[in-house]
Amino acid sequence: MTRYFEIEQRDGAARIGKLLLSPELHTPCILNAAKLGRLEKPGPVIDAGSFWGVKSDAELEARVKQIREKAGKGTLIILPHQAYPPSIPVESLEKVQKFTAFKGENVEDAGPTGSLLRMGEQPEKTDLYVMEGAGTLENNARRFLETVIEFRNHIPPDTALYAPNLALPENIAMLVYLGVDVLDDTRAEIAAYSDIYLTAAGSFYLDSLTEFPCRCRVCAESTPADLRKLPKIERAKFLSAHNKNALEAELSLVRERIRTGTLREYVEGQCRVRPWLTALLRLGDFEYSYLEERIPAFRQNQLLADTSEALSRVEVVRFARRIQEKYTPPDLEILVLLPCAARKPYSISQSHQKFILALGKYRKFVHEVILTSPLGIVPRELELTYPAAHYDTAVTGHWDEEEKAWVSGCLEAYLSKYRYKAIVAHVEGAYREICERSAGKLGIEITYTATGSLVSMEALSNLKKTVESICTSESFSRKSLNAEEDKKNFMRAIAEYQFGEGAAFLFSEETGKLAVKGRFPKYQLFSGKKQLATLVPQYGMLALSLEGAELVLKNKKYLVKIDDFLPRGSILAPGVIEADPGIRPNDEVIVLGKKALCVGRAMMSGEEMVKSSRGVAVDVRHIKKL
Numbered sequence: 001m002t003r004y005f006e007i008e009q010r011d012g013a014a015r016i017g018k019l020l021l022s023p024e025l026h027t028p029c030i031l032n033a034a035k036l037g038r039l040e041k042p043g044p045v046i047d048a049g050s051f052w053g054v055k056s057d058a059e060l061e062a063r064v065k066q067i068r069e070k071a072g073k074g075t076l077i078i079l080p081h082q083a084y085p086p087s088i089p090v091e092s093l094e095k096v097q098k099f100t101a102f103k104g105e106n107v108e109d110a111g112p113t114g115s116l117l118r119m120g121e122q123p124e125k126t127d128l129y130v131m132e133g134a135g136t137l138e139n140n141a142r143r144f145l146e147t148v149i150e151f152r153n154h155i156p157p158d159t160a161l162y163a164p165n166l167a168l169p170e171n172i173a174m175l176v177y178l179g180v181d182v183l184d185d186t187r188a189e190i191a192a193y194s195d196i197y198l199t200a201a202g203s204f205y206l207d208s209l210t211e212f213p214c215r216c217r218v219c220a221e222s223t224p225a226d227l228r229k230l231p232k233i234e235r236a237k238f239l240s241a242h243n244k245n246a247l248e249a250e251l252s253l254v255r256e257r258i259r260t261g262t263l264r265e266y267v268e269g270q271c272r273v274r275p276w277l278t279a280l281l282r283l284g285d286f287e288y289s290y291l292e293e294r295i296p297a298f299r300q301n302q303l304l305a306d307t308s309e310a311l312s313r314v315e316v317v318r319f320a321r322r323i324q325e326k327y328t329p330p331d332l333e334i335l336v337l338l339p340c341a342a343r344k345p346y347s348i349s350q351s352h353q354k355f356i357l358a359l360g361k362y363r364k365f366v367h368e369v370i371l372t373s374p375l376g377i378v379p380r381e382l383e384l385t386y387p388a389a390h391y392d393t394a395v396t397g398h399w400d401e402e403e404k405a406w407v408s409g410c411l412e413a414y415l416s417k418y419r420y421k422a423i424v425a426h427v428e429g430a431y432r433e434i435c436e437r438s439a440g441k442l443g444i445e446i447t448y449t450a451t452g453s454l455v456s457m458e459a460l461s462n463l464k465k466t467v468e469s470i471c472t473s474e475s476f477s478r479k480s481l482n483a484e485e486d487k488k489n490f491m492r493a494i495a496e497y498q499f500g501e502g503a504a505f506l507f508s509e510e511t512g513k514l515a516v517k518g519r520f521p522k523y524q525l526f527s528g529k530k531q532l533a534t535l536v537p538q539y540g541m542l543a544l545s546l547e548g549a550e551l552v553l554k555n556k557k558y559l560v561k562i563d564d565f566l567p568r569g570s571i572l573a574p575g576v577i578e579a580d581p582g583i584r585p586n587d588e589v590i591v592l593g594k595k596a597l598c599v600g601r602a603m604m605s606g607e608e609m610v611k612s613s614r615g616v617a618v619d620v621r622h623i624k625k626l
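Per UniProt numbering, residue 1 is the first one in the sequence shown, and the count goes up by one each step.
Don't read these hints as lab results, they were simulated from the structure. Do not rely on the hints blindly, as some may be mistaken.
Said to hold, decoys possible - In the EDC-like style, the derived pairs of lysine to aspartate or glutamate whose C-alpha atoms are separated by at most 20 Å in a straight line are:
1) 624 to 547
2) 522 to 486
3) 513 to 547
4) 529 to 510
5) 611 to 150
6) 517 to 486
7) 487 to 333
8) 73 to 40
9) 125 to 607
10) 41 to 8
11) 125 to 138
12) 229 to 195
13) 364 to 485
14) 421 to 445
15) 465 to 445
16) 237 to 221
17) 522 to 484
18) 522 to 547
19) 41 to 24
20) 232 to 221
21) 18 to 256
22) 611 to 564
23) 488 to 474
24) 479 to 468
25) 513 to 484
26) 557 to 501
27) 488 to 510
To be verified - Label pairs and their calculated CB-CB ranges:
28) 201 to 361: 57 to 65 Å
29) 87 to 595: 51 to 59 Å
30) 356 to 210: 56 to 64 Å
31) 209 to 62: 44 to 52 Å
32) 508 to 140: 47 to 55 Å
33) 482 to 8: 30 to 38 Å
Even for Gly, the Cβ is constructed at its ideal location relative to N, Cα and C.
Kindly generate the complete structure, drawing on both the sequences and the hints.
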């Protein structure tokens, strides 16, 4: 925990924050590496140097106190350390280290501090953690990712992580996306003295350039030909100024991407600059738990699925998992499989409107499930729920093998768990191939109702006749949902997706007579005259009332326990005693204390609420005094 670092905004593992120094340092940021060791005109961060040549802890403490006196309490001091490449074995380090760590107990209260972070060691209590040998991990995607995750999982969430000697315009977005808060300009300066011109699209040797691709003030005043005529030191000054401008420009763009919640989309394109960055993105998706804990339950912006990596991004995998693990389909005997549509939610698209009209009076007997890439399958009841109504993808008519395998896998998992007496697929092309794969693996029969255009009169008539013949057959029990039951089922499905087992308490018989009021999609769930929940159309999830919160509370999930106080507004992290580790940012949560029952939206994950000493934990909507 820290007194000097506060997170203001999150986008997964990426954060916008501020180090409360003098002057204030907004993160993610780039430090001037040359100023870290200067005391004459100190910046907000100073490096106290190494252990080498020091005889005792007392001498180290005296050094830090001297720096503190000169720099002031508003400067963050990176405590003395011995840095080694991460590849050196721990046994070898023990033989050469004079001190295992500098504790600095006598100076830590005098101001903010930072410390070196080494794999396998217990981190000290500081405000900034420095990744040991971060620069040596470039091009080693697996080792770098393992190191970042190891550090992030062991340091408090409200502390900053500094990866020195690594930042380039091309990799800043990826480093920040994975959880790095502080970078420096070491590599940019070294590149300048090597006649290397840096851009977000990669690096260029000065000799290879005909014109400058950048139009910053530095580049606009010269040409590569003019620059090559200058002495070495003058060229280096020019390139250094440009390279640092390029770093800051890219970092500004990354911060804006975090604010808009679109950093992932940007990273998917930017990582193509270097193979090791692409490897980082793919390996990062395999570390599902690390990213999933930090990814919000929903976003305000559209999810763009423009690359093959979209199939493995957290929001997509989470949606598929929740359908498999939490969702329960209605008790109907006929399944109708349909293709997705460009317009969302699907039911307002022209094609789905025609499918619905074709089913007519028999629609109440069938359960509709939509096949789509990248989400896999979307039950009709969840078509409003993020990200089902919030994604867009390139439509070419061509599906690659990865897409087919992913969607067929989702369909196969669903059909192996839930059995239907009859399955009708109104699909063609790749959709039909996906259905045939799943049917072949499970040994089930699927009836196909279209050849060619799905919205032709012939195809729609065939769909209607096929469903009608199944419904009128003697073996069919005619299980159906009337309009009121259909609304309840719609709300129940969303509640299950959102709260898991807690949804059962909202819809139990003990609750009383339930009714869904309002016009689609602004449904409201009532028990008698008590409103329990409201469907929020913008992201397709439920907002609980206090009465609804009391019911869901019985499951003891999505619960935040607070200290003995009555909240007056947002609840800050220091007031949280306990929180469900399953809580994700933007989740609907129930807050319980000795004096109050509240309901609101989580601003951070459950783990972060408990471990943080700063920041808003829950944005409270309703408060009930106990």
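Worksheet item: Would the pair residue 517 and residue 486 pass a check requiring their Cα atoms to be no farther apart than 20 Å?
Response: 12 Å, holds
Worksheet item: Between residue 611 and residue 564, does the CA-CA distance stay at or below 20 Å?
Response: 18 Å, holds
Fill in: Assessment of proposed distance window 30 to 38 Å (beta carbons of residue 482, residue 8)
At roughly 49 Å between Cβ atoms, residue 8 and residue 482 fall outside 30 to 38 Å, so the hint is violated.
Practice prompt. Take a quick look at whether residue 522 and residue 547 sit within 20 Å of each other, Cα to Cα.
Written response: 19 Å, holds
Worksheet item: Taken at face value, is the distance from the CA of residue 24 to the CA of residue 41 at most 20 Å?
Response: Holds, at about 16 Å.
Practice prompt. Could you say whether the range 56 to 64 Å given as a hint is met by the Cβ separation of residue 356 and residue 210?
Written response: Holds - the Cβ-Cβ distance for residue 356 and residue 210, about 59 Å, lies within 56 to 64 Å.
Discussion item. Holds or violated: residue 18 and residue 256, Cα atoms, limit 20 Å.
Written reply: With Cα atoms ~15 Å apart, residue 18 and residue 256 stay inside 20 Å; holds.
Fill in: Hint consistency between residue 487 and residue 333 [alpha-carbon to alpha-carbon, up to 20 Å]
18 Å, holds
Worksheet item: Holds or violated: are the alpha carbons of residue 611 and residue 150 at most 20 Å from each other?
Response: Given pair residue 611, residue 150 holds - Cα atoms ~16 Å apart, limit 20 Å.
Discussion item. Residue 465 and residue 445 were given as a pair; does the straight-line alpha-carbon distance stay at or below 20 Å?
Written reply: 18 Å, holds
Worksheet item: Going straight from one Cα to the other, do residue 73 and residue 40 come out at no more than 20 Å?
Response: 16 Å, holds
Discussion item. Hinted pair, alpha-carbon criterion (20 Å max): residue 479, residue 468. Please report holds or violated.
Written reply: Roughly 14 Å between the alpha carbons, so the hint for residue 479 and residue 468 holds.
When each numbered hint is compared with the structure, violations occur for hints 10, 11, 23, 33.
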